[in-house]
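K.L.:
Next come the chains, spelled out residue by residue.
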Amino acid sequence: MSGKRRSARAERGARGAGGPAARPRRGSRRVTLAIAGVIALALVALAWRFLARRPAPPVVSPESAWAEYRAGVALGERGRHLEGLPHLRRALESPVDFWAFHADYGTALFNASFEIGSRAGAPCAVTRSSWERIAMIREAMSQLEIAAQMAPEPRERALVEIRRADLARTWGLPLDALVAYRRAESILPGRPDLARRTDEFLTLLRSAEGPGTTGTGAPR
Amino acid sequence: MSRPFRRVPAVVLLIAVLLAPACARREPPPARAFDPDSMPEAYARSTAALMWPGATRSWQITPEGDLYDGEWVVRLLPTAGPDTAPAPRVIAFEDRWLPVAHWRRMGGDIRWDFEAAGLAGRAPRDSNLVVSLEIRATNRAAAERVARLAVRVEPPRSPTFVAFDAPESIAAPGRLATSAGPDTAQGWCAKPAGGRASLVTRGSEIVLEWTLGPGSSGVGRLVLPAYALTGTELARRARTPHERVIADARRHWTAEVARGATFSLGDPEVESALRACEVTLLCLRERRGTAWVPIGNPFQYHDVWLRDGARAIRALAVLGYTREARELCAGFEGLQWPQGVFLSQRGQLDGTGQALWAFEQALLRPARDDSVAHFAALAERAWRWIEWQRDLGRASGWEFGAMLPYGDPRDGELVRAQLVGNDAWAIAGYRSAARLLSAAGRAGDAARVERTRARYLADFLAALERTRREDVPPSWQGIGRDWGNLAVASPCGVLRADDPHMAALARRVWALAGGAGLATYGPADSAEYYVGADLGTRALLAGRPESADSVLAAMLRWRTGSGAGAEFFSRSSRDFGQNLPPHATAAAALAGLVRDALVFDDGDTLQLTLGARARWWQAGKIERAPTRWGLLDLEFQRRGDRADWHWSPVPVWTALTLPPGTRIAGSLPAPLLRGPWERVVLAPPGTVRAQVRLEAEAP
Numbered sequence: 331m332s333g334k335r336r337s338a339r340a341e342r343g344a345r346g347a348g349g350p351a352a353r354p355r356r357g358s359r360r361v362t363l364a365i366a367g368v369i370a371l372a373l374v375a376l377a378w379r380f381l382a383r384r385p386a387p388p389v390v391s392p393e394s395a396w397a398e399y400r401a402g403v404a405l406g407e408r409g410r411h412l413e414g415l416p417h418l419r420r421a422l423e424s425p426v427d428f429w430a431f432h433a434d435y436g437t438a439l440f441n442a443s444f445e446i447g448s449r450a451g452a453p454c455a456v457t458r459s460s461w462e463r464i465a466m467i468r469e470a471m472s473q474l475e476i477a478a479q480m481a482p483e484p485r486e487r488a489l490v491e492i493r494r495a496d497l498a499r500t501w502g503l504p505l506d507a508l509v510a511y512r513r514a515e516s517i518l519p520g521r522p523d524l525a526r527r528t529d530e531f532l533t534l535l536r537s538a539e540g541p542g543t544t545g546t547g548a549p550r
Numbered sequence: 098m099s100r101p102f103r104r105v106p107a108v109v110l111l112i113a114v115l116l117a118p119a120c121a122r123r124e125p126p127p128a129r130a131f132d133p134d135s136m137p138e139a140y141a142r143s144t145a146a147l148m149w150p151g152a153t154r155s156w157q158i159t160p161e162g163d164l165y166d167g168e169w170v171v172r173l174l175p176t177a178g179p180d181t182a183p184a185p186r187v188i189a190f191e192d193r194w195l196p197v198a199h200w201r202r203m204g205g206d207i208r209w210d211f212e213a214a215g216l217a218g219r220a221p222r223d224s225n226l227v228v229s230l231e232i233r234a235t236n237r238a239a240a241e242r243v244a245r246l247a248v249r250v251e252p253p254r255s256p257t258f259v260a261f262d263a264p265e266s267i268a269a270p271g272r273l274a275t276s277a278g279p280d281t282a283q284g285w286c287a288k289p290a291g292g293r294a295s296l297v298t299r300g301s302e303i304v305l306e307w308t309l310g311p312g313s314s315g316v317g318r319l320v321l322p323a324y325a326l327t328g329t330e331l332a333r334r335a336r337t338p339h340e341r342v343i344a345d346a347r348r349h350w351t352a353e354v355a356r357g358a359t360f361s362l363g364d365p366e367v368e369s370a371l372r373a374c375e376v377t378l379l380c381l382r383e384r385r386g387t388a389w390v391p392i393g394n395p396f397q398y399h400d401v402w403l404r405d406g407a408r409a410i411r412a413l414a415v416l417g418y419t420r421e422a423r424e425l426c427a428g429f430e431g432l433q434w435p436q437g438v439f440l441s442q443r444g445q446l447d448g449t450g451q452a453l454w455a456f457e458q459a460l461l462r463p464a465r466d467d468s469v470a471h472f473a474a475l476a477e478r479a480w481r482w483i484e485w486q487r488d489l490g491r492a493s494g495w496e497f498g499a500m501l502p503y504g505d506p507r508d509g510e511l512v513r514a515q516l517v518g519n520d521a522w523a524i525a526g527y528r529s530a531a532r533l534l535s536a537a538g539r540a541g542d543a544a545r546v547e548r549t550r551a552r553y554l555a556d557f558l559a560a561l562e563r564t565r566r567e568d569v570p571p572s573w574q575g576i577g578r579d580w581g582n583l584a585v586a587s588p589c590g591v592l593r594a595d596d597p598h599m600a601a602l603a604r605r606v607w608a609l610a611g612g613a614g615l616a617t618y619g620p621a622d623s624a625e626y627y628v629g630a631d632l633g634t635r636a637l638l639a640g641r642p643e644s645a646d647s648v649l650a651a652m653l654r655w656r657t658g659s660g661a662g663a664e665f666f667s668r669s670s671r672d673f674g675q676n677l678p679p680h681a682t683a684a685a686a687l688a689g690l691v692r693d694a695l696v697f698d699d700g701d702t703l704q705l706t707l708g709a710r711a712r713w714w715q716a717g718k719i720e721r722a723p724t725r726w727g728l729l730d731l732e733f734q735r736r737g738d739r740a741d742w743h744w745s746p747v748p749v750w751t752a753l754t755l756p757p758g759t760r761i762a763g764s765l766p767a768p769l770l771r772g773p774w775e776r777v778v779l780a781p782p783g784t785v786r787a788q789v790r791l792e793a794e795a796p
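Heads up: the sequence lines are chains U and X, in that order.
Here our numbering = 1-based position in the first sequence + 330.
Here our numbering = 1-based position in the second sequence + 97.
Do not rely on the hints blindly, as some may be mistaken.
What the hints assert, rightly or not - To give an idea of the chain U side of the interface with chain X (calculated C-beta under 7 angstroms), a few residues:
1. Ser448
2. Ala450
3. Pro453
4. Cys454
5. Ser459
6. Ser460
7. Trp461
8. Ile464
9. Met471
10. Arg499
11. Trp501
12. Gly502
13. Gly520
14. Pro522
15. Gly542
Stated by the list, open to error - Calculated from the model, a selection of chain X residues having no Cβ within reach of chain U, i.e. all distances over 10 angstroms:
16. Gly167
17. Arg237
18. Ala355
19. Asp364
20. Ala536
21. Ala716
22. Glu775
23. Gly783
Just so you know, the hints here were simulated from the structure itself, not pulled from any lab data.
Predicted model only: the values in this text are computed from it and were never measured.
Here a beta-carbon is modelled for each residue, glycine too, at the ideal position from N, C-alpha and C.
Turn these sequences into a full structure, and let the hints steer you where they fit.
P.N.:
Written out as structure tokens, the structure reads:
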């Protein structure tokens with residue numbers, strides 16, 4: 331509070347105490363304050379009741395989280411990745427914070443970015459444009475990063491790395507993919523399948539040239 | 098009347114007199130009799146797009162003369178007795194740029210004239226483009242005739258494109274409303290006027306019929322929203338007369354093209370082509386939340402590509418649409434991946450360099466934008482990613498390890514290989530990153546990026562040497578179609594414009610096409626509209642304006658009656674197949690080449706009239722052209738044996754190119770100096786006027 335306001339109040343108090351004319355005014359102010367207080371209390375009480383009665387945001391129970399997760403994964407297995415996303419998102423909203431929820435949500439986003447549907451009887455990408463697809467990929471990478479941090483076992487961490495590698499490879503970032511494949515290999519050293527995967531990819535990288543891909547759902 | 102009020106008429110009169118010129122300037126060009134078939138049409142089948150900035154659907158006026166929005170075809174079947182009017186010959190915009198479409202169909206004794214324009218309204222997702230279409234049937238016979246127009250709203254059969262938000266299947270026909278009501282309809286059909294007219298609804302079809310005396314006309318009108326509306330809403334829209342919609346469209350677009358840089362060249366074809374490019378580029382933008390993104394085309398390329406969007410951003414920036422260009426840069430931010438790379442489509446690794454280049458082009462013209470520090474940070478992340486790629490590649494010890502890894506772009510080069518264009522664009526991106534960092538006050542970081550650019554450039558030249566090619570191949574492995582390699586000199590600035598490799602590349606590309614002009618893509622008969630434009634700018638910079646002019650002439654020729662270029666087409670059949678115009682990059686390329694021929698500011702020197710045609714020299718004038726050194730006004734004129742330039746002062750040297758077929762006569766007046774070419778004069782910083790005596794160039 332500023333000094334100026336303090337002194338103004340002191341002045342008002344002095345004037346009020348100075349004569350009888352001030353008394354009724356002071357009394358009416360008390361009444362006004364009391365009424366205002368009652369109203370304020372009533373409002374607070376009403377607000378409290380309203381807030382207390384308002385339905386709490388739905389909490390996904392651990393059981394239903396698993397059910398949602400399984401439904402999302404099952405839809406993905408049938409190639410309906412986009413449809414599976416809300417289920418996987420709901421699983422993530424539950425108190426169950428499980429690495430696979432993040433890993434499979436990220437994977438579903440990645441897969442949905444390529445999903446082909448149908449519009450007016452013609453095959454079309456289910457996503458509107460690359461802008462939405464890249465938004466999905468950014469979120470997928472973020473989810474895979476969380477999964478990599480959370481995965482408790484080396485096998486699971488390696489699995490997340492392979493998914494990151496596949497994402498980078500499919501989108502045409504071969505060196506990013508190679509680094510991720512190697513990370514997977516270093517997490518689980520001595521696994522011949524991982525080593526073979528990296529070697530195969532290295533061979534592809536070395537002999538880069540080849541016929542290009544056409545007619546992949548992209549408009550040109 | 099009291100004294101103060103006695104002055105009111107005088108004041109009102111004074112205000113009216115003062116405002117009259119301003120109001121007059123805002124008036125659109127007056128409507129006039131317009132024969133669409135008089136408009137040049139380069140392609141075998143004519144089509145046009147009615148579009149609107151931000152609108153999520155556009156209307157295609159199909160070669161058959163119907164309208165299609167990606168979900169519904171509004172089929173128009175005009176008949177006169179047994180004669181059905183065939184498809185229109187030309188679907189033209191006014192002056193070949195102003196998006197008021199006209200087309201004509203002749204059937205028996207009836208001439209059918211169609212006029213349509215779109216204005217935006219509200220829609221579930223974004224602007225709903227609502228088209229007002231007027232149909233005028235004129236009896237050309239000496240006796241009474243019956244003219245009949247059947248209108249149907251049908252699902253598309255084998256559509257060339259489908260709207261992204263069209264339903265999975267459309268089985269039943271749509272309908273046109275004729276009265277207000279709560280039910281939705283795909284359009285509105287007004288009661289016909291003129292002659293003895295009737296409107297009959299037969300199931301899903303509406304038939305308008307006129308009995309017309311000799312020389313008389315009947316008029317019908319449709320109102321067609323891109324998204325269905327209720328009958329009540331359609332009735333409300335239809336209350337705005339067609340003439341008013343057309344006048345509003347003319348007024349809007351006239352104002353839109355006027356707010357950009359203006360090019361007065363005494364060359365109506367080029368000036369109208371520029372306006373058509375501006376309309377196309379302004380329309381091919383969509384919203385995503387608060388962001389704007391560039392789209393390739395309103396129909397089959399209704400998507401976002403970094404490679405096309407970057408060109409659109411640059412074109413909008415140099416045409417004076419600074420705000421729009423910068424908004425699109427903000428939209429590009431959504432295409433940056435966490436590791437720094439910019440990627441919009443699988444395997445298109447040129448996107449990173451293109452995004453950085455687009456940022457620089459838009460954010461530093463005509464003056465640095467406040468957001469430059471933010472975009473410099475994005476550019477720095479992108480640069481780090483490329484450096485990381487190069488470090489990994491170098492460590493591999495592979496032959497072209499220092500270059501970006503292989504890409505399979507499913508486009509352009511159409512091979513899986515290490516593409517030369519990816520590296521060229523990356524190097525261009527380094528230059529842009531350095532400029533952005535420098536503009537953001539981070540001189541040290543800019544210098545660091547420049548050092549890595551010098552190293553990258555050296556690696557590029559070494560790689561080119563290893564290919565043992567005289568020209569610049571599409572990929573380091575030598576395979577692929579010419580695409581990104583065409584941009585190596587301009588705009589990427591990796592090789593000099595007069596580098597022998599670039600000259601050999603231009604010779605090879607143009608030899609396939611029978612001379613300087615459009616590039617060939619794949620089969621010799623297949624022309625590509627825009628990719629060769631970079632060779633045009635390269636020719637300008639190499640002192641070969643006649644080659645650049647051939648490219649420009651080809652681009653001007655291969656346009657629709659609405660002023661649009663198709664991406665690919667057959668030279669022999671003049672058919673673009675399913676690749677419908679307009680294409681954003683075609684518009685960007687044409688506008689960019691004209692601008693480069695007049696004002697080029699990518700280097701450390703302002704270059705003026707690099708490729709100005711003889712006709713432009715009669716009294717060329719450019720106003721408010723954004724450059725890296727501020728807004729530029731330029732006037733240039735040739736009077737007999739004298740060339741004059743008058744331009745806004747810039748803090749760098751200006752290189753002035755003489756009119757075609759001339760050279761300097763005698764000595765130059767101080768402070769002008771001779772330039773690197775015979776036809777170039779240099780003016781020191783701050784110069785605003787130059788005059789040079791000319792003589793004919795030796796044959």
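K.L.:
Determine for every hint whether it applies to the structure shown.
P.N.:
Hints, one by one, checked against the model:
| no. | hint | in the structure |
| --- | --- | --- |
| 1 | Ser448 | holds (5 angstroms) |
| 2 | Ala450 | holds (4 angstroms) |
| 3 | Pro453 | violated (9 angstroms) |
| 4 | Cys454 | holds (6 angstroms) |
| 5 | Ser459 | holds (4 angstroms) |
| 6 | Ser460 | holds (4 angstroms) |
| 7 | Trp461 | holds (5 angstroms) |
| 8 | Ile464 | holds (5 angstroms) |
| 9 | Met471 | holds (5 angstroms) |
| 10 | Arg499 | violated (10 angstroms) |
| 11 | Trp501 | holds (5 angstroms) |
| 12 | Gly502 | holds (3 angstroms) |
| 13 | Gly520 | violated (24 angstroms) |
| 14 | Pro522 | violated (23 angstroms) |
| 15 | Gly542 | holds (4 angstroms) |
| 16 | Gly167 | violated (8 angstroms) |
| 17 | Arg237 | holds (39 angstroms) |
| 18 | Ala355 | holds (31 angstroms) |
| 19 | Asp364 | holds (33 angstroms) |
| 20 | Ala536 | holds (27 angstroms) |
| 21 | Ala716 | holds (42 angstroms) |
| 22 | Glu775 | holds (43 angstroms) |
| 23 | Gly783 | holds (44 angstroms) |
Consistency with the previously given hints fails for numbers 3, 10, 13, 14 and 16, ordered from lowest to highest.
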